[in-house]
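There are 2 protein chains.
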Amino acid sequence: KTGPRFPSTYTNYGKRGMTLEEELNESNTYYETNGVAVVHKKPTPIRIVKVDYPKRSAAVIKEAYFSTASTTDYNGVYQGHYLDFDAKETRNKGSFPLKNFHQHQIDHMRACMAQSGICFAIIKFVERQEVFLYRATDLFTFWDEQANGGRKSIPYSEIVAHGIRIPVGLQPPIPYLKAVDQLL
Amino acid sequence: KTGPRFPSTYTNYGKRGMTLEEELNESNTYYETNGVAVVHKKPTPIRIVKVDYPKRSAAVIKEAYFSTASTTDYNGVYQGHYLDFDAKETRNKGSFPLKNFHQHQIDHMRACMAQSGICFAIIKFVERQEVFLYRATDLFTFWDEQANGGRKSIPYSEIVAHGIRIPVGLQPPIPYLKAVDQLL
Ligand SMILES: [Mg+2]
Ligand SMILES: [Mg+2]
Numbered sequence: 001k002t003g004p005r006f007p008s009t010y011t012n013y014g015k016r017g018m019t020l021e022e023e024l025n026e027s028n029t030y031y032e033t034n035g036v037a038v039v040h041k042k043p044t045p046i047r048i049v050k051v052d053y054p055k056r057s058a059a060v061i062k063e064a065y066f067s068t069a070s071t072t073d074y075n076g077v078y079q080g081h082y083l084d085f086d087a088k089e090t091r092n093k094g095s096f097p098l099k100n101f102h103q104h105q106i107d108h109m110r111a112c113m114a115q116s117g118i119c120f121a122i123i124k125f126v127e128r129q130e131v132f133l134y135r136a137t138d139l140f141t142f143w144d145e146q147a148n149g150g151r152k153s154i155p156y157s158e159i160v161a162h163g164i165r166i167p168v169g170l171q172p173p174i175p176y177l178k179a180v181d182q183l184l
Numbered sequence: 001k002t003g004p005r006f007p008s009t010y011t012n013y014g015k016r017g018m019t020l021e022e023e024l025n026e027s028n029t030y031y032e033t034n035g036v037a038v039v040h041k042k043p044t045p046i047r048i049v050k051v052d053y054p055k056r057s058a059a060v061i062k063e064a065y066f067s068t069a070s071t072t073d074y075n076g077v078y079q080g081h082y083l084d085f086d087a088k089e090t091r092n093k094g095s096f097p098l099k100n101f102h103q104h105q106i107d108h109m110r111a112c113m114a115q116s117g118i119c120f121a122i123i124k125f126v127e128r129q130e131v132f133l134y135r136a137t138d139l140f141t142f143w144d145e146q147a148n149g150g151r152k153s154i155p156y157s158e159i160v161a162h163g164i165r166i167p168v169g170l171q172p173p174i175p176y177l178k179a180v181d182q183l184l
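Chains A and B, in that order, give the protein sequences.
Each residue of the first sequence is one higher than the one before, counting from 1 in this note's numbering.
Each residue of the second sequence is one higher than the one before, counting from 1 in this note's numbering.
Source of the hints: derived by calculation from the structure; they are not laboratory data.
Glycine included, every Cβ here is placed at the ideal spot set by N, Cα and C.
Any given hint could turn out to be false.
Some chain A residues well away from chain B (every beta-carbon gap over 10 Å; in silico) [said to hold, decoys possible]: (1) MET18; (2) LEU20; (3) HIS40; (4) GLN146; (5) PRO155; (6) LEU183.
Covered, in the sense of this in silico footprint (three residues per stretch, anywhere, with C-beta under 8 Å from a C-beta of chain B), are these stretches of chain A [as the list claims (entries may be wrong)]: (7) 60-70; (8) 73-83; (9) 112-121.
The shape of chain A in the complex, shown without the other chains (with noise of 0.2 Å):
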């Protein structure tokens, strides 16, 4: 089984040449600096194979290889509340596939839900310009429907209708928790 490219911070989408995830993580570090929030980005897991130990100097990882996550990229802790959300970007226009989310991440958000967490997915159309925070129920109807021969991606308008639009800023790049404050 092959694991997942590598991180899309490699990969410059978006007008200002940052990627969705960098966006987030500079929208993280502003959260946290002004104590508005403490969100991280899970470090992508490697499972490594090979290490050597030169003396005095640091471990270097020879042979390793890119793993699949068992959960959502962000979590962390805003106002009491436990927050935990995957971020996706798609350069379709009309729909966005649901083939950007894993059943584990479905899962792991369903299970943080059954604790009272707040889980939701970000998702920017890239050649739209355009963010929105999306309630991971609603994500899951469509996810089941798609095992029960249902549609394969989410239309842009139920995005629209039923998503929370984040007008993109400056600083922070993304401010989801203006959204979030709709689902408290």
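Once you've looked at the hints, dock chain B with the ligands against the given chain A.
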């Protein structure tokens, strides 16, 4: 600057041949499987320098280094509460050396507490086979005193007096949520 040593998973402490980290991972799997809580260890952060992309097979990381985490190792959600903690073991019997913690971990726990997160350390005295939950607020007291010329370790007797003893079990191996219940 040298990164952290190879994850402690690879050294075997403890009677049953499991490290504290392995015991906690098993406990977290137990908790999640039984719908009690969702807590995960974050992957060790790795700084990747060189990656090969062979045709028809997975990307291979050829050069990478362990880097220092900017947060604690564990976080998650339990009955609507955000949990954040680090796990540390010592072979010392009389005290727990503060050098096991890093300033960024302390800063991270302070930031999470400001957001009403539940923060603590799980400390294992390996030779004694005793495990304690120790509140972050108590840890901060010793940490700050150390910076003002205070002692470089927390006495075992202090941890017995103010920590919460976690009776080691089989399933889960470290039933730390029973101790967390006393913080809520
Ligand atoms: Mg992602
Ligand atoms: Mg640790």
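The hints, checked one at a time:
no.	hint	verdict
1	MET18	19 Å, holds
2	LEU20	20 Å, holds
3	HIS40	6 Å, violated
4	GLN146	24 Å, holds
5	PRO155	30 Å, holds
6	LEU183	14 Å, holds
7	60-70	holds (count 9)
8	73-83	holds (count 8)
9	112-121	holds (count 5)
Consistency with the previously given hints fails for number 3 only.
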